[in-house]
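K.L.:
Listed below are the residues making up each chain.
There are 2 protein chains.
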Amino acid sequence: MKKSNPPTIREIARLVGVSVNTVSRALNNKPDVSPETKKNIIKTAQLLNYTPNAIARALVQRSTRTIGMVMSDISDPFFGEMVKDAEVFFRSRGYNLILCNTQENFDQEKHSIETLINKRVDGILLTPVGRNGENLQEILKNRVPIVLLGRHFDEPIAPSVTSNDERGGYLATQHLLELGHHKILFINVFHHISSAHDRFLGYQKALREFGIDYDESLLIHASFDLDDVYQKTKKFFYQSGKVTAVIVFCDILAISVMKAVIDVGLTIPRDISIVGFDNINISSLLPIPLTTIDPNKKKMVETASELLLEAIRLDNIKAGNLSIEPTLTIRSSTILSV
Amino acid sequence: MKKSNPPTIREIARLVGVSVNTVSRALNNKPDVSPETKKNIIKTAQLLNYTPNAIARALVQRSTRTIGMVMSDISDPFFGEMVKDAEVFFRSRGYNLILCNTQENFDQEKHSIETLINKRVDGILLTPVGRNGENLQEILKNRVPIVLLGRHFDEPIAPSVTSNDERGGYLATQHLLELGHHKILFINVFHHISSAHDRFLGYQKALREFGIDYDESLLIHASFDLDDVYQKTKKFFYQSGKVTAVIVFCDILAISVMKAVIDVGLTIPRDISIVGFDNINISSLLPIPLTTIDPNKKKMVETASELLLEAIRLDNIKAGNLSIEPTLTIRSSTILSV
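From first to last, the protein sequence lines are chains B and A. Mapping of the first sequence onto UniProt numbering: position 38 corresponds to residue 38, and the numbering continues sequentially without gaps. Mapping of the second sequence onto UniProt numbering: position 94 corresponds to residue 94, and the numbering continues sequentially without gaps.
Each hint should be verified, as a subset may be incorrect.
So the derived label-pair ranges between C-beta atoms look like this [as the list claims (entries may be wrong)]: (1) R120/A / S240/B: 50 to 60 Å; (2) E134/B / R120/A: 56 to 66 Å; (3) K318/A / D225/B: 33 to 43 Å; (4) R14/B / D85/A: 52 to 62 Å.
What the simulated footprint calls covered on chain B by chain A, stretch by stretch (three residues with Cβ under 8 Å from a Cβ of chain A suffice, anywhere in the stretch; the number is not a length) [said to hold, decoys possible]: (5) 84-97; (6) 146-154; (7) 170-183; (8) 252-260; (9) 301-310.
Simulated crosslink set (SDA-like; lysine to any residue; CA at most 20 Å straight-line) [to be verified]: (10) K84/B / N105/A; (11) K234/B / S284/A; (12) K84/A / N281/A; (13) K242/B / G211/B; (14) K30/B / K235/A; (15) K141/B / D107/A; (16) K84/B / D107/A; (17) K234/B / P287/A; (18) K110/A / S92/B.
Hints listed in this document are in silico derivations from the structure and should not be mistaken for laboratory results. Just so you know, even glycine gets a beta-carbon here, dropped at the ideal spot from N, CA and C.
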């Protein structure tokens, strides 16, 4: 047999005396092939110079089923904690997890998606950078099942599972209003991120219901950079004395905000109350434990993962957003306004 | 042509009128193929029913060169920060990065490695769970280039780049001894992790040089679980009054330790000085900024990545450990013992 013509599965099947399906299952590590039959098939394939990669794959004693998880900021414990939940979920169902990080960069997201398609993952969990689905063209063209996690698009191009972020923004604001704070600073990331936009809508809604006018000088936009948030917060408090409470887009940035508030000479919570989002593990372990909005990360991840497995099984992608109700977790960083 | 015999690259080359090498480059997205030639090659391949996956791969406008990075704890910002450095390094050199998380689990490490080999990464950066190289058998058999990052094996099976952890443990301990602390608690993770073992050796060395006997009651072993560290620290301080300083294996666990110390009614640094390791971003942003040992993460990552690229280029894996010198970063969590 010429070296340049690898044997077909049909030829291997004929020589071993089994069906083509059985050979295919054996060489792709699918279950339901007896160890002895699998051994014979591999031996025969090796004798016939079947491509080395295929043989190597068959010898790896592990399912090749893989999910790709694309996160937007690996240095935020919020994502690390969700990855751990996803791993538990998928491992128990026979899937491996490989991860990509986009660092909130739209081009990096495109490259990550292309890489995962190239590596032939069975499905993708994606926390998207923007609110449009431009980067999903390859995915949709290749019919790779995908579920968005934690953020959604403006158009229902792909199914998504998010926290009810508008409700979360509302709960955070309502909590502070009920404590008597009427001048509430909102330190947010940029609104191309859907959760930022939705939390802000909730903030505005709560203000409206309390009869308080929205004051646009009480909104700061920052990037996810800890130092950027620190500098902008410090600058605000040097210039302005009227605020008594702050809502921060997420806990990891709230740590930076707290440091800035302390560094300008104010105390928490006596001078300034602070609320974050995410309920990351360290938020309860800070010297001043942080009041936060808990999105129920585990439920978000499990719901998104179930949806993804269903899309993989049924080869069918349902659009639409499933939102998980968040809860307010009150700790020491918020008190009555004096 | 029978459907079950895919055309060879040789046949495509002949029909298009180019070399076999050019066809291979075009179908594998390698550079140096003119867009027009590439188009002709793909068209011909499609006409001849070349396997769909290969065509799809060729159409994805991105290099398929990939590095797999296997980290041991994705929820520790130490790793998130190293991943960001690795991404910058590899992206500028035309490589994509895919990640796996082992969560300090030896079996999970084995599965992660098998998954990455299966996905045919060009090389692997690994922060290993244990000190023996058992899980590397598949890698070494398949001759996949690998460099260990942050930890090393007992035997020089694979090249590694680490912080000089013994020196780091020494610097942390020396700093506290020079401040007059003679009863120093060491909260460490288990010693199957090489950096834990090495930091501990440095601690013992500094004590010896200061003429202080090593007291084994001043060593606590904890897991990477924030709550486990918190509980063990609290229990120690309820039972013992003699310690005036604590060294903690890493910053993220030090946050837990600080909370436990505060919760038993002690103050930092006046009652208890604390030193961590890693210099993660938030360590400088804590209300009590944390004194820590900076391993120079960026240099560690770049050194390991250069080594890996060299191993890929030369198809040659040099054994041996390269250690990067750490520095002591003094902040507010340590003061003179009174």
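K.L.:
Decide, hint by hint, whether the structure agrees.
P.N.:
Okay, the hints, checked on the actual structure:
1. R120/A / S240/B: 50 to 60 Å: 56 Å, holds
2. E134/B / R120/A: 56 to 66 Å: Between E134/B and R120/A, where Cβ atoms are some 28 Å apart, the hint is violated.
3. K318/A / D225/B: 33 to 43 Å: 37 Å, holds
4. R14/B / D85/A: 52 to 62 Å: 53 Å, holds
5. 84-97: holds (count 5)
6. 146-154: Not satisfied, violated; 0 residues make the cut.
7. 170-183: violated (count 0)
8. 252-260: holds (count 5)
9. 301-310: violated (count 0)
10. K84/B / N105/A: Judged against 20 Å, a Cα distance of about 12 Å means the pair holds.
11. K234/B / S284/A: Cα-Cα ~16 Å, so holds.
12. K84/A / N281/A: Holds - the C-alpha atoms of N281/A and K84/A are around 13 Å apart, at most 20 Å.
13. K242/B / G211/B: Holds: K242/B and G211/B sit about 18 Å apart, inside 20 Å.
14. K30/B / K235/A: Roughly 50 Å separates the two Cα atoms, so the pair is violated.
15. K141/B / D107/A: 36 Å, violated
16. K84/B / D107/A: Status holds; Cα separation ~15 Å.
17. K234/B / P287/A: 15 Å, holds
18. K110/A / S92/B: Satisfied, since the Cα-Cα distance of roughly 16 Å is no more than 20 Å.
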